[in-house]
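Following the hints, position chain B against chain A.
Top to bottom, those sequences are chains A and B. Each residue of the first sequence is one higher than the one before, counting from 1 in this note's numbering. Each residue of the second sequence is one higher than the one before, counting from 172 in this note's numbering.
The set of hints was computed from the structure by calculation and includes no laboratory data. In this text, all values refer to a predicted model and were calculated from it rather than measured experimentally. The reader is advised that the hints may include incorrect statements.
[Claimed, not checked] Okay, derived cross-link-like pairs now, SDA-like style, lysine to any residue, Cα gap no bigger than 20 Å in a straight line:
| no. | chain 1 | residue 1 | chain 2 | residue 2 |
| --- | --- | --- | --- | --- |
| 1 | B | K192 | A | F89 |
| 2 | B | K192 | A | M8 |
| 3 | B | K330 | B | D221 |
| 4 | B | K192 | A | R5 |
| 5 | B | K192 | A | L88 |
| 6 | B | K387 | A | L128 |
| 7 | B | K270 | B | D402 |
| 8 | B | K387 | A | F89 |
| 9 | B | K192 | A | E96 |
One-letter residues, chain by chain:
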Amino acid sequence: MKSLRLLMPVLSVAVLTLAAALPWGLAAEDRFVLPLLPVIAIYQWTLDPDAWLPEWAIFIAGLTLDVLTQGPLGYWALVYLFTYIVALFASRVPAEAAARRMALLASAIVAVTGFSWALASFYFLQLLDWQPYARSTLITILAAFVLVPLLSVFRFRSRPARGIRLTRGGG
Amino acid sequence: MTRLKDHNLFLRRTDHAAPGKRVRPVLLLLVFAASGLMLLSRLDHSMLGDVRWRAASWLTPVLQGAMIPAAPVREIGRSISTQVDLGNELERLRQENQKLESWKWRAQQLEGKVADLEALAKVVPEQKIDFITSRVISDASGAFVRSVTIDAGQARNVKEGYPVVNADGLVGRIVDVGPNAARVLLATDLNSRIPVRIGPNAVRGILAGDNSSRPKLIYIPDDANIAIGDDVATSGTGGLFPAGLRLGAVAGNLSVPRVALRADLDRLDYVSVLFFADPFRDLTDELSNRKPAGEANNTASPANASLGNASPGKAK
Chain A
1 MKSLRLLMPV LSVAVLTLAA ALPWGLAAED RFVLPLLPVI AIYQWTLDPD AWLPEWAIFI
61 AGLTLDVLTQ GPLGYWALVY LFTYIVALFA SRVPAEAAAR RMALLASAIV AVTGFSWALA
121 SFYFLQLLDW QPYARSTLIT ILAAFVLVPL LSVFRFRSRP ARGIRLTRGG G
Chain B
172 MTRLKDHNLF LRRTDHAAPG KRVRPVLLLL VFAASGLMLL SRLDHSMLGD VRWRAASWLT
232 PVLQGAMIPA APVREIGRSI STQVDLGNEL ERLRQENQKL ESWKWRAQQL EGKVADLEAL
292 AKVVPEQKID FITSRVISDA SGAFVRSVTI DAGQARNVKE GYPVVNADGL VGRIVDVGPN
352 AARVLLATDL NSRIPVRIGP NAVRGILAGD NSSRPKLIYI PDDANIAIGD DVATSGTGGL
412 FPAGLRLGAV AGNLSVPRVA LRADLDRLDY VSVLFFADPF RDLTDELSNR KPAGEANNTA
472 SPANASLGNA SPGKAK
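Here chain A stands alone, though its shape is the one from the complex (with noise of 0.2 Å):
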């Protein structure tokens, strides 16, 4: 129970990882929402200090997902190491209120998507259509508040107990 507890940030950007691989009968340019639902875990789990989710496993799940999309190696791990470097600024934002944290990881998924639009257009040489992104940015959002109670969920799970510990002496 400890180790899935500690497991439980890497297992769920595992899964969206792989979901995101699947055959879903969605459009060809409706796609790219898939990819993006691995930000919002590795967003989430990154802003809890608790939380494993170490560098290392984000750059993997981005690897993975490059070999099976066929893409450029190295594009989604990219991705996801700035997904992690967003959190990182993010978890420095004072934000108390749900509508301000809600706000920041729409604020940190647009930024993702538009990073992620730039790196293709890099990678073409060529500045590519933007709409498909700015289409998937605003699915992303709205998937957000269905997967982040989920995640928090997990995370309220996964969280060892804690509390105000009552020492002998203490003042």
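Just chain B now, with coordinates in the frame of chain A:
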């Protein structure tokens, strides 16, 4: 007040005992590694392609397992979208059925005529192509590539270059083969080039994918007479695909003609791999492997051997 502050401090310390995550050197290392891999991919390093496909083959059982819970979800989504569009679909089918009824009668007449003419001309019967049907286990359609992975590979005699079809027409061709999986490059992919013939005048051209849902028609003669709605099928030129596989119809603007594909490449469940070997390649191999007279009679070329292996499976 001081006590309250201390209390607050204490609470904060116990509540957030773990310090926030920081940027570690390993992160920079991984960013460099990812950038390096991307650069190698851009340079199209051959080693990467081999390693990538081997890794994808290892992941095939995982994908097959993941498809088990995913299939019902996909089916529910499909039935919802079908229900939403049911009215329009019924009307379309009714109209299509009326057209097909008249075409059926005409086809029967023509079939009889063709059979008579073939008998008169002693035409060699067309060789039927054997096939296997396989399930799509992964969809790699994105910004970079349009391809799917199927769960049939070398173990099922699938080879590189074989055409892949579904009930609606040509889907693409096999470009990578593993022991139990193969990658199908879809007709919409940027690297896909299919020789086609267009319309009743059989105008020759090339169907070129550009990662959009409607591939372009290129290398069409300037004086070619094509119209919107003309059927597009494979021409068989070059021997990559057998002639006459349906692709779709000319659509869009005639100055930059595109093809609306019949097959819905976004919703591929099952596809059939045609065991169609390039006859020109076999001939070339045979000629290059031919030995001097005297030795040739008791040896079989690799091309013949491969044909021999494939022939038991070929339906007549």
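Status of each hint after checking the structure:
1. Proximity of K192/B to F89/A is assessed by CA-CA distance (about 10 Å); at most 20 Å being required, the pair is judged to hold.
2. At roughly 18 Å between alpha-carbon atoms, K192/B and M8/A fall within 20 Å of each other, so this suggested pair holds.
3. For the suggested pair K330/B and D221/B, the alpha carbons sit about 16 Å apart, so the restraint of at most 20 Å is met.
4. Our distance criterion of 20 Å between C-alpha atoms is met by K192/B and R5/A, whose separation comes to about 19 Å.
5. Straight-line distance between C-alpha atoms of K192/B and L88/A comes to about 7 Å, which keeps the hinted pair within the 20 Å bound.
6. In summary, the hint linking K387/B to L128/A is supported, as the alpha carbons are separated by about 18 Å, within the 20 Å threshold.
7. Between K270/B and D402/B, the direct Cα distance comes to roughly 16 Å. Compliance with the 20 Å bound is thereby established for this hinted pair.
8. Restraint check for K387/B and F89/A: the C-alpha separation of about 44 Å exceeds 20 Å, so the hint is violated.
9. Simply put, K192/B and E96/A have alpha-carbon atoms about 18 Å apart, close enough for the 20 Å limit, and the pair holds.
Checked against the numbered hints above, the structure breaks only hint 8 and satisfies the rest.
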